[in-house]
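**Q** Between the sequences and the hints, there should be enough to build the whole structure, so can you do that?
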Amino acid sequence: MYAYIIRRILILIPMLLVITFLIYLGIELMPGDAVSFIIGPEAAANIPMERLDELRESLGLNDPFIIRYFRWLGGILKGDFGYSLTSGVPISQIVFSRLPATIELAISALLFSTLLGSILGIIGALKKGSILDNVLTVAGMVGLSLPQFFFGLVAIVIFSLNLGWLPAGGRIMPGHVNFFDRLPHLILPTIVLGSSLTGGVMRYARNSMLESLNKDFIKTARSKGLPEWRVNLIHGFRVAMTPVVVLVGFRLPMLVGGTVVIEEIFQWPGMGREFLSAVRGQDLPLIMMIALFIVSAVLIASFLIDILTALIDPRVRLE
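Going by our numbering, the sequence shown opens with residue 125, and the numbers climb by one from there.
Source of the hints: derived by calculation from the structure; they are not laboratory data.
Remember, predicted model here, so these are calculated numbers, not experimental data.
Hints should not be assumed to be uniformly reliable.
Taking CB as the label site, the calculated pair distances span [as the list claims (entries may be wrong)]: (1) L350 with I311: 18 to 26 Å; (2) I129 with Q217: 17 to 25 Å; (3) L136 with K251: 38 to 46 Å.
27 Å max Cα-Cα, derived DSS-like pairs, lysine-lysine [said to hold, decoys possible]: (4) K348 with K252; (5) K202 with K348; (6) K339 with K202; (7) K251 with K348; (8) K339 with K251; (9) K343 with K202.
Glycine included, C-beta positions come from ideal geometry on N, C-alpha and C.
**A** This is how it looks when you write it as structure tokens:
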């Protein structure tokens, strides 16, 4: 197991380096630079080129691309993320103030979709061909095809504006400091964000469970006279969950990307909402760091999923 973890880490490091390079290259190809943003295009037109070159030289923008990339990367490794062009606040301060909200929302949606999708998928497999199975299949298709922004707006109208059961947005109210006080704010964004993933997990869990129940070791377990619930839940469930865990790992990028839309709809003060604000303000250093954090989170989560998969199914370690 230790050798497998080391192999995965050795793969993860070059992937992170490639991603940092692609993010920096993408920002480099965008029109304009930090000087044109700080001064503004109208003011820049009235400033002599010599003065603009001096400003670019002072900021190191005249250095070759590869030198600027390694300088940026070295700053990140030292914990220096730079400053926001719009607010002047250190980017590390912005990121670490927003990160807990995004992690809270993403983990809630992941747990909600994985648990609900797995349970409904197993029920569908055990009740194959029944009315309940057909209803769950249709519900899964609806969850997969319904756009998150539309589902979010409908949920706000029904459960917040009409019924008044849950708050329409925000994360915290004055005087509400612990998780359980914030829980009502978390319910709607969690359900909306996890809805599309729930449908996928449910379908995959159902098919995987059906395949597992037809294996020889299930027939052997039944021939030994084991109770049906034990055959299904202990023997069938464990094997069926391995591909589901892999699926959840592959869907993580969609989940992280979905937080950008959901945070904006529900006014959730997380990284996704800050990212949209940075894009509107063309705050290039902040855009780079938030993109890097999001992608890194996806890779690290995928790494953890790989480890979890290897723990569930020892055959994975030999691949």
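**Q** Hint by hint, say whether it matches the structure.
**A** These are the hints, each one checked on the structure:
no.	hint	verdict
1	L350 with I311: 18 to 26 Å	violated (39 Å)
2	I129 with Q217: 17 to 25 Å	violated (33 Å)
3	L136 with K251: 38 to 46 Å	holds (41 Å)
4	K348 with K252	holds (24 Å)
5	K202 with K348	violated (61 Å)
6	K339 with K202	violated (53 Å)
7	K251 with K348	holds (23 Å)
8	K339 with K251	holds (18 Å)
9	K343 with K202	violated (58 Å)
Of the numbered hints stated above, those contradicted by the structure are hints 1, 2, 5, 6, 9, listed in ascending order.
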